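Colleague: Sequence:
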Amino acid sequence: FHLYGGNVHGVFDELIPEKKIVLRWRLKSWPSGHYSNVEIDLTEMKNCTQMKLKQTGIPASEYDAMKTNWNRYYWHSIKQTFGFGVPLADVL
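Just so you know, we're using my numbering here: the sequence shown kicks off at 16 and counts up by one.
Hints listed in this document are in silico derivations from the structure and should not be mistaken for laboratory results.
These figures come from a predicted structure and were not determined experimentally.
Each residue gets a CB set at the ideal place from its N, CA and C atoms; glycine is no exception.
A portion of the hints provided could be inaccurate.
Simulated DEER-style distance windows between Cβ atoms [claimed, not checked]: (1) L18 - Y78: 16 to 26 Å; (2) N86 - H17: 16 to 26 Å; (3) W85 - P32: 20 to 30 Å; (4) D56 - V26: 17 to 27 Å; (5) T58 - T96: 28 to 38 Å; (6) E33 - K94: 11 to 21 Å; (7) E59 - G21: 15 to 25 Å; (8) K94 - K61: 38 to 48 Å; (9) M60 - G20: 18 to 28 Å; (10) H17 - K61: 36 to 46 Å.
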């Protein structure tokens, strides 16, 4: 997959409906062929679904920007779409 005008490229490695998403993920600016590994676990709770993100293999110089971008472009969008007041834990 490609996102944001080709600035993000990824490959889905595992999709378990309602449970888990595993993929390789990279930014266009990263060294050629370098991918991080992303795992998103979904857990059904009593009144909500808990999402946990684990991303490894991020180039050290990109860690802070990656953390900011997950919050800005993904988690806050999900929060706005599915409900205000839902706590967002620190990610990455």
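Colleague: Please go over all the hints and tell whether each is borne out by the structure.
Modeller: Here is what the structure says about each hint:
1. L18 - Y78: 16 to 26 Å: 19 Å, holds
2. N86 - H17: 16 to 26 Å: Since N86 and H17 have Cβ atoms about 21 Å apart, the given range 16 to 26 Å holds.
3. W85 - P32: 20 to 30 Å: 22 Å, holds
4. D56 - V26: 17 to 27 Å: 19 Å, holds
5. T58 - T96: 28 to 38 Å: 19 Å, violated
6. E33 - K94: 11 to 21 Å: 20 Å, holds
7. E59 - G21: 15 to 25 Å: 34 Å, violated
8. K94 - K61: 38 to 48 Å: Given range 38 to 48 Å: violated, Cβ gap about 19 Å.
9. M60 - G20: 18 to 28 Å: With Cβ atoms ~36 Å apart, the hint is violated.
10. H17 - K61: 36 to 46 Å: With Cβ atoms ~37 Å apart, the hint holds.
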